[in-house]
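*Asks:* Could you put together the complete structure from these sequences and hints?
In order, the protein sequence lines correspond to chains A and B.
Going by my numbering, the first sequence opens with residue 1, and the numbers climb by one from there.
Going by my numbering, the second sequence opens with residue 1001, and the numbers climb by one from there.
Note that these hints are calculated values from the structure, not bench results.
In this text, a Cβ means the ideal position worked out from N, Cα and C, and glycines have one as well.
Heads up, a few of these hints could be off.
Only some residues are given here: those of chain B computed to face chain A with a beta carbon under 10 Å [claimed, not checked]:
#1 1112
#2 1146
#3 1152
#4 1154
#5 1181
#6 1182
#7 1217
#8 1219
#9 1293
#10 1329
#11 1330
#12 1331
#13 1336
#14 1337
Listed next, with one range per pair, are the computed distances between beta-carbon atoms [stated by the list, open to error]:
#15 A:100 x B:1326: 19 to 27 Å
#16 A:34 x B:1092: 36 to 44 Å
#17 A:37 x B:1326: 51 to 59 Å
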Amino acid sequence: MSMHERIGTIREAINEALHEEMRRDDRVFIMGEDIGVAGGVFKVTAGLLDEFGPERVRDTPITEAGIVGLAVGAAMTGMRPIVEIMFSDFTTLASDQIVNQAAKLRYMTAGQTSIPLVIRAAMGAGRRAAAQHSQSLHAWFAHIPGLKVVMPSNPADAKGLLKSAIRDDNPVLYFEDKMMYNEKGPIPEGDYTVPLGEARIHREGTDATLICTSSMLYPAFDAADQLAEEGIEVEVIDPRSITPLDEETLVNSAIKTGHVLIIDEGYQNYGVTAEIAARVQEKAFDYLDAPVRRLGAADVPIPFAPSLEDLTIPSADQIVEIVHEMRA
Amino acid sequence: MVKAKKDLIKSPKDVSTSGLPLDLLLDMYRRMVTIRKFENTIYDVYSRGIMPGLAHLYTGMEAIAVGVCITLRKQDNITSTHRGHGHLLAKGGDPNLMFAELLGKESGYNRGKGGSMHIVDLSLGILGANGVVGGGLGIGTGAGLSAKMLGEDRISVAFFGDGALNEGLFYESANMASLWKLPVIYVMENNHYGEYTPSSRSTAGTGPARAEAMNIPSVSVDGNDVLTVYQAAVWATERARAGQGPSFVECKSYRWRGHHMGDQGDTYGYRSQEEVEEWMEKCPIQRFSKHLVNNDLVNPEQLKAIDDEVQILIDDSVEFAKQAPYPDPSEVFEDVYA
Chain A
1 MSMHERIGTI REAINEALHE EMRRDDRVFI MGEDIGVAGG VFKVTAGLLD EFGPERVRDT
61 PITEAGIVGL AVGAAMTGMR PIVEIMFSDF TTLASDQIVN QAAKLRYMTA GQTSIPLVIR
121 AAMGAGRRAA AQHSQSLHAW FAHIPGLKVV MPSNPADAKG LLKSAIRDDN PVLYFEDKMM
181 YNEKGPIPEG DYTVPLGEAR IHREGTDATL ICTSSMLYPA FDAADQLAEE GIEVEVIDPR
241 SITPLDEETL VNSAIKTGHV LIIDEGYQNY GVTAEIAARV QEKAFDYLDA PVRRLGAADV
301 PIPFAPSLED LTIPSADQIV EIVHEMRA
Chain B
1001 MVKAKKDLIK SPKDVSTSGL PLDLLLDMYR RMVTIRKFEN TIYDVYSRGI MPGLAHLYTG
1061 MEAIAVGVCI TLRKQDNITS THRGHGHLLA KGGDPNLMFA ELLGKESGYN RGKGGSMHIV
1121 DLSLGILGAN GVVGGGLGIG TGAGLSAKML GEDRISVAFF GDGALNEGLF YESANMASLW
1181 KLPVIYVMEN NHYGEYTPSS RSTAGTGPAR AEAMNIPSVS VDGNDVLTVY QAAVWATERA
1241 RAGQGPSFVE CKSYRWRGHH MGDQGDTYGY RSQEEVEEWM EKCPIQRFSK HLVNNDLVNP
1301 EQLKAIDDEV QILIDDSVEF AKQAPYPDPS EVFEDVYA
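*Replies:* Structure (structure tokens):
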């Protein structure tokens, strides 16, 4: 650990980025449900109200379309809003404002305006919260030109990517896995940014590539450890943002290892795994020793019962099994 | 006694229109005629097959946009609707750039990438027409929020139709505007039809009553009388500028043409020719010109001179648009991201 970082959680890393960016730029403000007095249902925004006051840390009614709608208007007229949508499932309520307004205004106006807006939302299953509080809908937004989609997996990236998202002049959706808020790791101090569109190779390997987003990094690490015991060295890569996507790093790894598995907690049907698989096969087909494989959430509404819910989330065991199949 | 509030106008009726400067009255007339001629020209051009896509004409509703926008300053914001040409022209939009946009030309406001329903001119505070019914209400309210947060001397007007009154975004936005006392004016243009369905079959209760339920002071006025609309707008803008929060103004009017250019005459059988003619008798421009002439404020020749000047302006805008180049194919990939 260097002098310039500390060990902290993803929650703390996001909180730190919010504080730093609001100090840096008066036009940055945050609004959402229970983000002020209560500090957010996941306590991510704790302390902001005390430092920045109720004008810039704005508790809203439960009114997702309105929150995003006002943020788009504020972004067009000089502000740089950050919006918290408590559960990413509720982005559905704001989808016109995100998809038809925020995403398109720059293009439709031929660059007359830009929408510097960050929408933070908690994603992912595992919280025993059932089908309306557990989804991972990031692929929906990655489908829409004009939006950027960011998915941090660890504290350092959480901080650096959020700071970049806030400074970006485009609408950025920033998905936080709700089961990872307590995940610990180094948090670089001060003005640490991570550019959007740069994948991170977490572990180098020569035998297979695991491309994993957000919390899927952790079962991928577990699987990599298990496979290493068998002498199989896998490369673990986190794209960090799915729009823009660092295709080059992913393709180069595919060329190197010849075996690629993509793991993402969104639904497998028409999902992020499908998109990345297609791109890797288009660019690395001649170097592949097996078809690209993918592993997403089971294509069912997320069930409540813990015993059932666990079956829907990609696991280390499944990853190990698929790597074995690919190499068979 | 709170002295500071003494000057606030209690009701639109307290706004005097008897001593308005002639310049202002002629400006109102000119803007209404500009909208009328612009829309009539679209009708002709569209009918000749030169114009692609959709166009929703504002004909018959000119007094609303003009009565409201004449009270606004350049830095004030408006958000408009799919039926937006009138709002843009009333706020000072350039007919050349508008017509070029309607024809999908590079010289258009949006370089041909937006078309009729998406014209924006930030230099005039125009945050855009909007293709989604009610879609601009959040943006218009957000502009009020930014004005308040930045301490900027501007207000925001969100135009919307009776159809949008039933969209949830109206309540979500107006609720926050009322809670936070944002400088926003909600101008509901009640032309009595949401597309092909009369508001009697789509709207329970009234717009003003719904706004009042959120503690937003509201009025309902004759939207075909530019001076009445002006009174309501002055009342509402002064409230907004004084930090008193949002107001709601319902303006009752009628669109002479179909819902859009593809719906002329009796295509959908949703309203009678008698009804259309009845409303055409209430023409806002004729009504205003009679008022001006009958009160000896102007003579008919002055108005005729304005008509002729505007006609040249609009004819020139069509010519400008026709001559303008189409966008370069490379532009299809421009401006997806900032």
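*Asks:* None of the hints should be skipped; say for each whether it holds.
*Replies:* Tested hints:
With 10 Å as the threshold, the beta carbon of residue 1112 of chain B comes within range of chain A, its nearest partner Cβ sitting at about 8 Å, so the hint holds. Evaluation of the residue 1146 of chain B hint against chain A yields a held restraint, the C-beta minimum of about 4 Å falling below 10 Å. At about 8 Å, the closest approach between the beta carbon of residue 1152 of chain B and any beta carbon in chain A falls short of 10 Å, and the interface hint on this residue holds. A least Cβ separation of about 8 Å between residue 1154 of chain B and chain A falls short of the 10 Å threshold, and the interface hint therefore holds.
Look at residue 1181 of chain B: its Cβ only gets to about 12 Å from chain A, farther than 10 Å, so that hint breaks. Here the hint on residue 1182 of chain B is kept, as its CB sits about 9 Å from the closest CB of chain A, short of 10 Å. The interface hint given for residue 1217 of chain B is broken, as the beta carbon of that residue sits about 20 Å from the closest beta carbon of chain A, more than 10 Å. With a cut of 10 Å, the hint placing residue 1219 of chain B at the interface with chain A is violated, because the nearest CB-to-CB distance is about 24 Å.
Here the hint on residue 1293 of chain B is broken, as its CB sits about 41 Å from the closest CB of chain A, past 10 Å. At a threshold of 10 Å, the smallest CB-CB gap from residue 1329 of chain B to chain A is about 15 Å, leaving the interface hint violated. Taking 10 Å as the C-beta contact cut-off toward chain A, the hint placing residue 1330 of chain B at the interface is violated, the least distance being around 13 Å. A cut of 10 Å between beta carbons decides the hint on residue 1331 of chain B: the least distance to chain A is about 8 Å, and the hint holds.
The criterion of a C-beta within 10 Å of any C-beta in chain A is met by residue 1336 of chain B, whose closest approach is roughly 5 Å, and the hint holds. Against a cut-off of 10 Å between C-beta atoms, the interface hint on residue 1337 of chain B holds, since the closest Cβ of chain A lies about 5 Å away. The given range of 19 to 27 Å is respected by residue 100 of chain A and residue 1326 of chain B, whose C-beta atoms sit roughly 25 Å from each other. Against the hinted window of 36 to 44 Å, the Cβ-Cβ separation of residue 34 of chain A and residue 1092 of chain B comes to about 42 Å, which satisfies the hint.
The given range of 51 to 59 Å is respected by residue 37 of chain A and residue 1326 of chain B, whose C-beta atoms sit roughly 55 Å from each other.
Of the numbered hints listed earlier, those contradicted by the structure are 5, 7, 8, 9, 10 and 11.
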